[in-house]
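Undergrad: For reference, the chains in residue letters:
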Amino acid sequence: MHKLRFATAWLGGCSGCHMSFLDLDEKLIDLADKIVLVYSPIADVKEFPENVDVTLVEGAVANLDNLKLAQEIRARSRLVVSFGDCAVTGNVPSLRNKLGVDDLLTAVYHEGPGRHPTGGDEIMPRLLPKVLPLHQVVKVDAFLPGCPPDAERIWAAVSALLAGEPVVLEPNMRTFG
Amino acid sequence: MNRADLEAMAQREQQRQQAFGCRILCCASTPCLSSGGQAVYDAINAVISEGGWEAEVQAVATGCMGPCSHGPMVTVQRPGEEDVVYERVTSDVARALVAAHAGKAAAVAPVEHVMPASAPFFAKQQKVVLANSGLIDPEKLEDYVARGGYRALAYALREMTPEEVCKEIIASGLRGRGGAGFPTGLKWDMVRKEHSDKKYVVANGDEGDPGAYMDRSLMESDPHRILEGMAIAGYAVGADQGFLYVRGEYPVAAKRLERAIRAAERRGLLGSRVLESGFNFRIDVRIGAGAFVCGEETALMASIMGHRGQPVPRPPYPAQSGLWGKPTLINNVETYGSIAPIVENGAAWFAEIGTAKSKGTKIFALAGKVATTGLIEVPMGISLREIVYDIGGGIPDGLAFKAAQTGGPSGGCIPAAHLDTPVDYESLKALGSIMGSGGMIIMDEHSCMVDVAKFFMEFCMDESCGKCVPCRVGTVQMHRILERITDGSATPQDLATLQELCMMVKETSLCGLGQSAPNPVLSTIRYFAEEYTAHIADHHCPAGVCTLEKQPVGEWVTA
Amino acid sequence: MAVVTLTINDEMVSAQEGTLLLAVLREQGIEMPTLCHLDGLSERGGCRLCMVELGSGRLQASCVTPVQEGMVVNTHSERLVKYRQMILELLFAERNHVCAVCVMNGHCELQWEAAKIGMDHVRFDYLNPDLAMDASHERYALDHNRCILCTRCVRVCDEIEGAHVWDVMGRGVNSRVIIDLNQAWGSSQSCTSCGKCVQVCPTGALFDKGATVAEMEKQHNFLRWILDGREKNVWSYSAK
Amino acid sequence: MASPTAAVRTKRRADDEHPSGDPRFALIDRTLKRFQYQQDALIEVLHTAQEAFGFLSDDLLIYVAHQLKLPLSWVYGVATFYHFFTLKPQGQHNCIVCMGTACYVKRAAEIVAALQKEYGVAPGETTRDGLLSLATARCLGSCGLAPVLVLDGEVLPRETPEGTLARVKQQVG
Chain A
1 MHKLRFATAW LGGCSGCHMS FLDLDEKLID LADKIVLVYS PIADVKEFPE
51 NVDVTLVEGA VANLDNLKLA QEIRARSRLV VSFGDCAVTG NVPSLRNKLG
101 VDDLLTAVYH EGPGRHPTGG DEIMPRLLPK VLPLHQVVKV DAFLPGCPPD
151 AERIWAAVSA LLAGEPVVLE PNMRTFG
Chain B
1 MNRADLEAMA QREQQRQQAF GCRILCCAST PCLSSGGQAV YDAINAVISE
51 GGWEAEVQAV ATGCMGPCSH GPMVTVQRPG EEDVVYERVT SDVARALVAA
101 HAGKAAAVAP VEHVMPASAP FFAKQQKVVL ANSGLIDPEK LEDYVARGGY
151 RALAYALREM TPEEVCKEII ASGLRGRGGA GFPTGLKWDM VRKEHSDKKY
201 VVANGDEGDP GAYMDRSLME SDPHRILEGM AIAGYAVGAD QGFLYVRGEY
251 PVAAKRLERA IRAAERRGLL GSRVLESGFN FRIDVRIGAG AFVCGEETAL
301 MASIMGHRGQ PVPRPPYPAQ SGLWGKPTLI NNVETYGSIA PIVENGAAWF
351 AEIGTAKSKG TKIFALAGKV ATTGLIEVPM GISLREIVYD IGGGIPDGLA
401 FKAAQTGGPS GGCIPAAHLD TPVDYESLKA LGSIMGSGGM IIMDEHSCMV
451 DVAKFFMEFC MDESCGKCVP CRVGTVQMHR ILERITDGSA TPQDLATLQE
501 LCMMVKETSL CGLGQSAPNP VLSTIRYFAE EYTAHIADHH CPAGVCTLEK
551 QPVGEWVTA
Chain C
1 MAVVTLTIND EMVSAQEGTL LLAVLREQGI EMPTLCHLDG LSERGGCRLC
51 MVELGSGRLQ ASCVTPVQEG MVVNTHSERL VKYRQMILEL LFAERNHVCA
101 VCVMNGHCEL QWEAAKIGMD HVRFDYLNPD LAMDASHERY ALDHNRCILC
151 TRCVRVCDEI EGAHVWDVMG RGVNSRVIID LNQAWGSSQS CTSCGKCVQV
201 CPTGALFDKG ATVAEMEKQH NFLRWILDGR EKNVWSYSAK
Chain D
1 MASPTAAVRT KRRADDEHPS GDPRFALIDR TLKRFQYQQD ALIEVLHTAQ
51 EAFGFLSDDL LIYVAHQLKL PLSWVYGVAT FYHFFTLKPQ GQHNCIVCMG
101 TACYVKRAAE IVAALQKEYG VAPGETTRDG LLSLATARCL GSCGLAPVLV
151 LDGEVLPRET PEGTLARVKQ QVG
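Protein chains in written order, with this note's numbering: chain A, 1 to 177; chain B, 1 to 559; chain C, 1 to 240; chain D, 1 to 173.
Isolated chain A, as found in the complex (with noise of 0.2 Å):
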């Protein structure tokens, strides 16, 4: 049987999402017959494959590396979900977007001790402007919402992409927060 070639990526994200992932409990053992999970953060993988079948995206593109990551996912997956809030509309990082980027620093690093990065040095990748929702940067094929989506979405999200079907879930479980 060919089993579907299957990723999961963190970007500007709290790594929530993953955890309900894992809350899918026993439904990870019937889960793992039907896919090869080829890259993710729970996975010591350092770059991203090539010919991936379906990715699942959590967090939002704050800075540089999320957005090339993004970039790279998009272009070697057939499907890409966004997976939670952050992905699907910039959620919690996004409070930042009413600050520009160097007030931002400036309160959160050049206020308080130690070094003071200024985003694109060794450090810290540079900042976007924006935080933005996955869509906004790669075309997205299916959003799955929630902070965090709990295992049952996830699971009729998952159950709908191996089986080839266009994910459409129930009103209550496509809410957001």
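Just so you know, the hints here were simulated from the structure itself, not pulled from any lab data.
Worth double-checking, as some hints may not be accurate.
Unchecked claim - A few chain C residues that face chain A, going by a derived Cβ cut-off under 7 Å, partial list only: (1) 98; (2) 115; (3) 116; (4) 130; (5) 132; (6) 134; (7) 136; (8) 190.
These numbers were taken from a predicted model, which means no experiment stands behind them.
Positions of the beta carbon are idealized from the N, C-alpha and C atoms, including for glycine.
For this one, chain A is given, so just place chains B, C and D on it according to the hints.
TA: This is chains B, C and D only, laid out in the frame that chain A set:
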């Protein structure tokens, strides 16, 4: 005052004017005053008093004569002779022309400043509403009466029933000059048929389109004509109270209207028992406070009642439930300006002018990149080409005509390919623009159409009242996308989203402001799509206006 | 009163003349999305979600449109569904509606309307305005970041409580609900602290102090209670 | 000693006056009386108040609200809806650049940019020293003379960025 007194007043004033051998009319409207018109008027008066010619020569400060970019304008009238119009008059020119026309000195008229009556600017125009503008002192009731003023009101009150007045207006084919073009007579008849203890007549003088000043000029140049039109309307629909809503930016117009109302009331032409009939009609001026949306009739009424100028959904229409819940007739001031001539000359006369569906004349404020800018009144159905090239004198600096923008932020741009289109309600609508209130901005090759669309969208965004979501937020989002197109950060997807947004805002907004806000975008996409794609795909602004200094997000990684 | 017959989604329906279309649609069990409408308050016609397509193809907000004889109504055409989604997208983009950290998460009308209609992402720029919170009142708080300008608070305060503490200032996208002279809520002398505005607010813009994420729930059956009492001298608890 | 009638008379006169003794309130009262304290005259009254005081302070809005017996939020909502009313004090000099279509097409935006750069003040704002208020207008209705601006009440036609700057510097310093 009754009808005979009115006639006597007219004759007295005519005789008084004819007694002067020479009348010198100086335009004292805003454009001419800001080009030095006051100094000209002072110089003329000085020459008259120096020469001791007060008995033979009369200087009159009048309203607008039309070719504003050629101001200050002066017209010389001598009995039995054709009027002579002078342009770009300075104090020296003024002194010379007074001396020459007063015939007292051997002075030679400054002929190089004469604008011949045969000039296309004048020859192609037909003045109905503006018939008195520039020829009378707007602050003198007698001047208006001498030219037949209030005769139509007297006739209507004495010879016609309200129903007959409405029928006459219907028969004339007059349509609303505020922009939408609803048949005026039908509106009147609807209000007339409503049963109510109280009805109102409202004149919309809240001219808000940037680039339009027809209403200001009419209110400043011939205030009584509007009052007379409103009074006839009041009689026709059974109202005893009128409101004239004047834009806050037009203090001179408001002041002249107030004075005109008081003068008319003193003479019994307004107020109780108008012209000794049983008809009572009061008019009050209300000053707007700077909100474009108040040109929308329900928002305007909210503003008259002292509220935030936010529109309310129609129906009910103002004709059924308007000011304070009473039947209310609202027309543009230019519409009221057409009433007296129709009653005076008959519906058939008016219906002769114009096209099959658009009757009469329309005033336009011709502005932008044309040789002669100013105020013009033309018969409906005249071609755009005649307006631009004959009346306006073509595009200066040897540049090519690119587009004419009509209807302001609710209208659209008409490209060169349609220069021969007749200017009437239906033809303009078919081209994706509208007649609008009468702003007409001519653009040459140096105008970027995306930038123009952005300009209008910014206007609509600022002027949105905020009540309904599509207009409040949709205009902001449309403006954002246009900004991205002009700064270089747009993607092809943005153009598709922009078009979708336009359709949604157009179809779902609560009032006319939101419903028409996408028009400038839709019309420029329709005729100048290649300019949009040049910005997005080639990072190039064909007119050289946009800076395009940014890139789309996707290109930041490589940048 | 006369009865009129109209066609709703290809079905003949009769209704009392003069009734507002939205009420008739709801009577028929048709799910209509609304935000500014609230039974018991005057109609505003501002959110445009309840728009329907009339026979002529024209769109009209059903909350302010009286039924008419022979009216042909379509409530869920493809165009309407698309437009409703876009309107919700516009609302989500306008202010900072971060559901995950909102007191009304799970109980919010805006959140639920989006889920029902399938608006699962926003294509427009988030405007991210810099908006204040007002926690100066002893019992309630106001968060402009969540406000959708439905003006239910303004209307309930004026029409039911009769205090007219609230109004809207500015215009367009810069409109804000205000208290008295745009002052801190706690300093208002006209506010009766009745809390009606809080209960009718569809989002987390108005909430009880002390409520944390997802804890705030609202109920507005007091509106029927008061209005029935006022208009009919009848006070009866309803289950809902 | 003053007679009792005189005392009453003095008192009555004091009653007519605003507690602050500012005679400009009499102008507002005149408009209020002209409209018989009708609530729908709110905009007219605000016009008078702004004309008399230059801007609408909170105190003025409260005064108008009390006189017309309107809620404060209503008055504030109306005052902030219309562009014409300003709730901030204005500068000694003011310069309004027309941004109507005709002026825009003739590059009025460059004039605004030049003034903004020179005086460090955005349209709608006043310089820190209170010397100059810069504003843009929707359309001044003098499209034949585009681009147009109004400097301290005087309409200036056919302006250029350099010409305007020179003129404003001369007037404002």
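Undergrad: Next, verify each hint and record whether it holds.
TA: Quick rundown of the hints versus the structure:
no.: 1; hint: 98; result: holds (6 Å)
no.: 2; hint: 115; result: holds (4 Å)
no.: 3; hint: 116; result: holds (5 Å)
no.: 4; hint: 130; result: holds (4 Å)
no.: 5; hint: 132; result: violated (11 Å)
no.: 6; hint: 134; result: violated (17 Å)
no.: 7; hint: 136; result: violated (21 Å)
no.: 8; hint: 190; result: violated (31 Å)
Violated hints for the displayed structure, listed by number in ascending order: 5, 6, 7 and 8.
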